[in-house]
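Engineer: Listed here are the chains, written in short residue letters.
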Amino acid sequence: MASCVVTTSSFCTVSDSSIRLKSSKLVHLQRRRSLGSRGGLKVEAYYGLKTPPYPLDALEPYMSQRTLEVHWGKHHRGYVDNLNKQLGKDDKLYGYTMEELIKATYNNGNPLPEFNNAAQVYNHDFFWESMQPGGGDMPQKGVLEQIEKDFGSFTNFREKFTNAALTQFGSGWVWLVLKREERRLEVVKTSNAINPLVWDDIVCERVSLIFSCYKVMFPLDHMYFCCCCLQPIISLDVWEHSYYIDYKNERGKYINTFLNHLVSWNAAMSRMARAEAFVNLGEPNIPIA
Amino acid sequence: MAIRSVLSTRTLSGLKETSSKLLGFRGIQTFTLPDLPYDYSALEPAISGEIMQIHHQKHHQTYVTNYNNALEQLDQAVNKGDASTVVKLHSAIKFNGGGHVNHSIFWKNLAPVNQGGGEPPKGALGGAIDTHFGSLEGLVKKMSAEGAALQGSGWVWLGLDKELKKLVVDTTANQDPLVTKGASLVPLVGIDVWEHAYYLQYKNVRPDYLKNVWKVINWKYASEVYESECK
Numbered sequence: 632m633a634s635c636v637v638t639t640s641s642f643c644t645v646s647d648s649s650i651r652l653k654s655s656k657l658v659h660l661q662r663r664r665s666l667g668s669r670g671g672l673k674v675e676a677y678y679g680l681k682t683p684p685y686p687l688d689a690l691e692p693y694m695s696q697r698t699l700e701v702h703w704g705k706h707h708r709g710y711v712d713n714l715n716k717q718l719g720k721d722d723k724l725y726g727y728t729m730e731e732l733i734k735a736t737y738n739n740g741n742p743l744p745e746f747n748n749a750a751q752v753y754n755h756d757f758f759w760e761s762m763q764p765g766g767g768d769m770p771q772k773g774v775l776e777q778i779e780k781d782f783g784s785f786t787n788f789r790e791k792f793t794n795a796a797l798t799q800f801g802s803g804w805v806w807l808v809l810k811r812e813e814r815r816l817e818v819v820k821t822s823n824a825i826n827p828l829v830w831d832d833i834v835c836e837r838v839s840l841i842f843s844c845y846k847v848m849f850p851l852d853h854m855y856f857c858c859c860c861l862q863p864i865i866s867l868d869v870w871e872h873s874y875y876i877d878y879k880n881e882r883g884k885y886i887n888t889f890l891n892h893l894v895s896w897n898a899a900m901s902r903m904a905r906a907e908a909f910v911n912l913g914e915p916n917i918p919i920a
Numbered sequence: 077m078a079i080r081s082v083l084s085t086r087t088l089s090g091l092k093e094t095s096s097k098l099l100g101f102r103g104i105q106t107f108t109l110p111d112l113p114y115d116y117s118a119l120e121p122a123i124s125g126e127i128m129q130i131h132h133q134k135h136h137q138t139y140v141t142n143y144n145n146a147l148e149q150l151d152q153a154v155n156k157g158d159a160s161t162v163v164k165l166h167s168a169i170k171f172n173g174g175g176h177v178n179h180s181i182f183w184k185n186l187a188p189v190n191q192g193g194g195e196p197p198k199g200a201l202g203g204a205i206d207t208h209f210g211s212l213e214g215l216v217k218k219m220s221a222e223g224a225a226l227q228g229s230g231w232v233w234l235g236l237d238k239e240l241k242k243l244v245v246d247t248t249a250n251q252d253p254l255v256t257k258g259a260s261l262v263p264l265v266g267i268d269v270w271e272h273a274y275y276l277q278y279k280n281v282r283p284d285y286l287k288n289v290w291k292v293i294n295w296k297y298a299s300e301v302y303e304s305e306c307k
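Going down the list, the protein sequences come from chains A and B. For the first sequence, the tail end lands on 920 under this note's numbering, and the numbers increase by one without skipping. For the second sequence, the tail end lands on 307 under this note's numbering, and the numbers increase by one without skipping.
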C-alpha cells in the first residue's frame, strides 16, 4: 500500500495542483537519509498527497464532489502538510515506511506528536481506496466465502459493521480486518486517528519464534516490528467531517449508503489476497477473481 | 412500570432543570430537551441559524432520547440484578448523559449580541480572569489554542476549581463532562469543538470558529455561576 519509492530526481516534490488527473497516481516519495551529515547536506523526508483512484465527482450522488473537495483537499491535505512540517524539524524519524512510522510514533500507547498526522494520512489513503464508483452490492466468491464463514452470513456482517459504526462515540474509524494468526475476519472500531496497525506490537511481543506465525521481524534498535498481524481490508471514516456536508447528523444513512453504493469489494479482494499470501506458508490460497 | 414513567414525566414536564433527584418511589426521571432562550438565527454571523437548529433539534435531542433509553434499560437491569448489563450500559450513559449535560450548559453560555453576548465579564469573575490569565485576551487565546489543538471531538472549558479556588482551562474528550477531569471542577464556559458545532459554516477551519464564537459568549451567566459557587 504505502510503498517507499525513491525517485531519481532528488528534488521532486509531489505536485497535486491538478486534482482531476485520472491516470497519474501520485505515490509517497521518501528519500532515504544519507549516512552522516556531509558538510551541511540537508536531507528531508516528504510524504505526498495521494489522489483518490477516481475523480472527485465520481462518487456522486452518494458522496458529493463538495465533500471530496473538502475532505481530501483540506483535511487529508492538511494532515500531509502538517506531517511534513513536523518531519522537517529533525531527522529522528527518517528512513521509515508509512506503516513503520505509524507504529514508531504510536510509541506503545504514548503517542508522539507526529502520530496523529501520520496515522491520518494512512487512514485517508486507505479509505479513498476502500471506495469506488459503482461500489457496494455484494462481494464475490473468495471474499464472500470468508465473510460467510466468519460472520455466519453477509447480512450478519452488515449488521455488525453498521452497529460498530453507529456506536463509535466521537470521531473514529470502522474496519474490516483479517486477523492473520486466527485467519478470520473481524469488525473493529478505532477512535480518532488510531488504526489496527498499532495493535500489532502487543501481539508480536508474545511470539518468540519466528516461524510460529509466519511473520518477518525486523530489529530496529531494540524494537521489533511485525508486518501487520491485523490486516485492514475495508475502512469507513466516521469522523463527522466525512458525512456532515451530505448527511448532516444522519450517520446511519451515511453508513447504509456506504455499504450499498460505495464500498469497493474489488479492493477488499486484492487486499485479502495479499494478506492471505502471507498467512499460508507454502501455496498461497489466493481467492480466484 | 408504565404508570410510574407516565407519572414521572407528567410531574417533571414543567421542569427545565436537570436535577437527578429520584422521586419518592422507585421510578426513573426522564429528561427533556431544554428550550433555547433565543432564536436559532440570533447568533449570526458567529454561528449560523442552520447549525443552531440542527445542533439543538437533532444532536442534542438525540442525546436526550438515547440517555432516556439507556436509563430505562439501566432501571430494568438494576431491578433484575443483571450486573453485566448494568456495567455494559455505563458507556452509553456517560456519552449520552454527558452530551445532554454539556449542551444544556452550552446553550446558556451563548447569547445574541443584543442580549449581552460578547460583553466582557465584570465583577468578581472579570477580576479572577485578570488574576489568573493576565487579561481576558490571554484567556481567550489560551482557550482557543487548546480548542484548536484538541484531536477528534470534545470540549474546551473554563472551569472553577472549588477546592483550590482558582480558574482552570481544560479540555475533555467526546462528551465527557468537566467533572470527569476533577470532582471539584465547576464548568463556567464550555465551547463545543465537535465538528457538528461548526462544520457547515467553517468546514475544517476550526480556528476561525473559535475566533468568532467569543462574540456571542454570555459572560453574564458565567459570572452568575462563579459568584454562586464562590460563596
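Some hints here could point you the wrong way.
Restricting the straight-line Cα-Cα distance to at most 25 Å, the calculated cross-link-like pairs of lysine to any residue (SDA-like) are [stated by the list, open to error]:
| hint | chain 1 | residue 1 | chain 2 | residue 2 |
| --- | --- | --- | --- | --- |
| 1 | A | K810 | A | K820 |
| 2 | A | K705 | B | N142 |
| 3 | B | K241 | B | K287 |
| 4 | A | K791 | B | Y116 |
| 5 | B | K134 | A | A735 |
| 6 | A | K884 | B | H132 |
| 7 | B | K296 | B | K170 |
| 8 | A | K772 | A | L893 |
| 9 | A | K884 | B | N142 |
| 10 | A | K810 | A | G719 |
| 11 | B | K164 | A | K772 |
| 12 | B | K218 | B | I169 |
| 13 | B | K134 | A | N887 |
| 14 | A | K879 | B | H132 |
| 15 | A | K879 | B | Y116 |
| 16 | A | K723 | A | V701 |
| 17 | A | K879 | B | F182 |
| 18 | B | K218 | A | G801 |
| 19 | B | K287 | A | L893 |
| 20 | A | K705 | B | G194 |
| 21 | A | K884 | B | K287 |
| 22 | A | K791 | B | A225 |
| 23 | A | K879 | B | K287 |
| 24 | A | K820 | B | P121 |
| 25 | A | K720 | B | A225 |
| 26 | B | K287 | A | K772 |
| 27 | B | K170 | A | E881 |
| 28 | A | K884 | B | A225 |
| 29 | A | K791 | B | S304 |
| 30 | A | K705 | B | G203 |
Chain A regions said to be covered by chain B (calculated; three or more residues, Cβ under 8 Å) [claimed, not checked]:
| hint | stretch |
| --- | --- |
| 31 | 819-825 |
| 32 | 869-883 |
Cβ-to-Cβ under 8 Å is the rule here; a few derived chain A residues that face chain B [to be verified]:
| hint | residue |
| --- | --- |
| 33 | V701 |
| 34 | W703 |
| 35 | G740 |
| 36 | N741 |
| 37 | P744 |
Worth flagging that the hints you see were computed from the coordinates, not collected in a lab. A virtual CB, placed ideally from N, CA and C, is assigned to each residue, including glycine.
Engineer: Confirm or reject each hint.
Structural biologist: Okay, the hints, checked on the actual structure:
Among the hinted pairs, K810 (chain A) with K820 (chain A) is consistent with the structure: their alpha-carbon atoms are about 14 Å apart, no more than 25 Å. Taking the CA atoms of K705 (chain A) and N142 (chain B), the gap is near 33 Å; set against the 25 Å cutoff, the hint is violated. Taken as a hint, the K241 (chain B) and K287 (chain B) pair is broken in the structure, with Cα atoms around 28 Å apart against an allowance of 25 Å. With a C-alpha separation of about 37 Å, the suggested pairing of K791 (chain A) with Y116 (chain B) is violated against the 25 Å cut-off.
Only pairs whose Cα atoms come within 25 Å are accepted, and K134 (chain B) paired with A735 (chain A) is rejected, the gap being roughly 40 Å. A distance of roughly 20 Å separates the Cα atoms of K884 (chain A) and H132 (chain B); the hinted pair therefore holds under the 25 Å criterion. A C-alpha spacing of about 29 Å is found between K296 (chain B) and K170 (chain B), which places the hinted pair above 25 Å, so the restraint is violated. Restraint check for K772 (chain A) and L893 (chain A): satisfied, since their Cα atoms lie roughly 19 Å apart, inside the 25 Å limit.
Distance check on the hinted pair: K884 (chain A) and N142 (chain B) sit about 18 Å apart at the alpha-carbon level, within 25 Å; holds. With a C-alpha separation of about 35 Å, the suggested pair K810 (chain A) and G719 (chain A) falls outside the 25 Å cut-off, and the hint is violated. Among the hinted pairs, K164 (chain B) with K772 (chain A) is inconsistent with the structure: their alpha-carbon atoms are about 37 Å apart, more than 25 Å. Restraint check for K218 (chain B) and I169 (chain B): not satisfied, since their Cα atoms lie roughly 31 Å apart, outside the 25 Å limit.
For a cut-off of 25 Å, the pair hint linking K134 (chain B) to N887 (chain A) stands: about 19 Å separates their Cα positions. Our distance criterion of 25 Å between C-alpha atoms is met by K879 (chain A) and H132 (chain B), whose separation comes to about 13 Å. Taking the CA atoms of K879 (chain A) and Y116 (chain B), the gap is about 17 Å. The hint holds against a cut of 25 Å. A C-alpha spacing of about 32 Å is found between K723 (chain A) and V701 (chain A), which places the hinted pair above 25 Å, so the restraint is violated.
Restraint check for K879 (chain A) and F182 (chain B): satisfied, since their Cα atoms lie roughly 20 Å apart, inside the 25 Å limit. A distance of roughly 24 Å separates the Cα atoms of K218 (chain B) and G801 (chain A); the hinted pair therefore holds under the 25 Å criterion. At most 25 Å may separate the alpha-carbon atoms for a hinted pair to count; K287 (chain B) and L893 (chain A) exceed this at roughly 37 Å. For the proposed pair K705 (chain A) and G194 (chain B), the alpha carbon gap of about 30 Å is over 25 Å, so the pair is violated.
Pair hint K884 (chain A) plus K287 (chain B) does not hold up; C-alpha atoms about 32 Å apart against a cutoff of 25 Å. In summary, the hint linking K791 (chain A) to A225 (chain B) is not supported, as the alpha carbons are separated by about 33 Å, beyond the 25 Å threshold. The suggested pairing of K879 (chain A) with K287 (chain B) holds, with an alpha-carbon distance near 23 Å, which does not exceed 25 Å. At most 25 Å may separate the alpha-carbon atoms for a hinted pair to count; K820 (chain A) and P121 (chain B) exceed this at roughly 37 Å.
In summary, the hint linking K720 (chain A) to A225 (chain B) is supported, as the alpha carbons are separated by about 19 Å, within the 25 Å threshold. A C-alpha spacing of about 54 Å is found between K287 (chain B) and K772 (chain A), which places the hinted pair above 25 Å, so the restraint is violated. Annotation: proposed proximity of K170 (chain B) to E881 (chain A) holds, straight-line Cα distance about 21 Å (limit 25 Å). Note on K884 (chain A) and A225 (chain B): the hinted pairing is violated, with a Cα-Cα distance of about 30 Å set against a maximum of 25 Å.
With a C-alpha separation of about 48 Å, the suggested pair K791 (chain A) and S304 (chain B) falls outside the 25 Å cut-off, and the hint is violated. The hinted pair formed by K705 (chain A) and G203 (chain B) fails the criterion: a straight-line CA distance of about 41 Å is larger than 25 Å. With a cut-off of 8 Å between beta carbons, the stretch 819-825 of chain A has 3 residues touching chain B; three or more are needed, and the interface restraint holds. Closer than 8 Å: that is the beta-carbon criterion, and the stretch 869-883 of chain A has 7 residues meeting it against chain B, so the requirement of 3 holds.
The restraint placing V701 (chain A) at the interface with chain B holds, with a minimum CB-CB distance near 5 Å, inside the 8 Å limit. Below 8 Å, beta-carbon pairs count as interface contacts, and W703 (chain A) has none with chain B, the closest being about 11 Å; its hint is therefore violated. Using the Cβ-Cβ criterion of 8 Å, the hint placing G740 (chain A) at the interface with chain B is not satisfied: the shortest such distance is roughly 15 Å. Against a cut-off of 8 Å between C-beta atoms, the interface hint on N741 (chain A) is violated, since the closest Cβ of chain B lies about 15 Å away.
Restraint check, P744 (chain A) versus chain B: the minimum CB separation of about 10 Å is more than 8 Å; hint violated.
In the structure shown, a violation is registered for the earlier hints numbered 2, 3, 4, 5, 7, 10, 11, 12, 16, 19, 20, 21, 22, 24, 26, 28, 29, 30, 34, 35, 36, 37, in ascending order.
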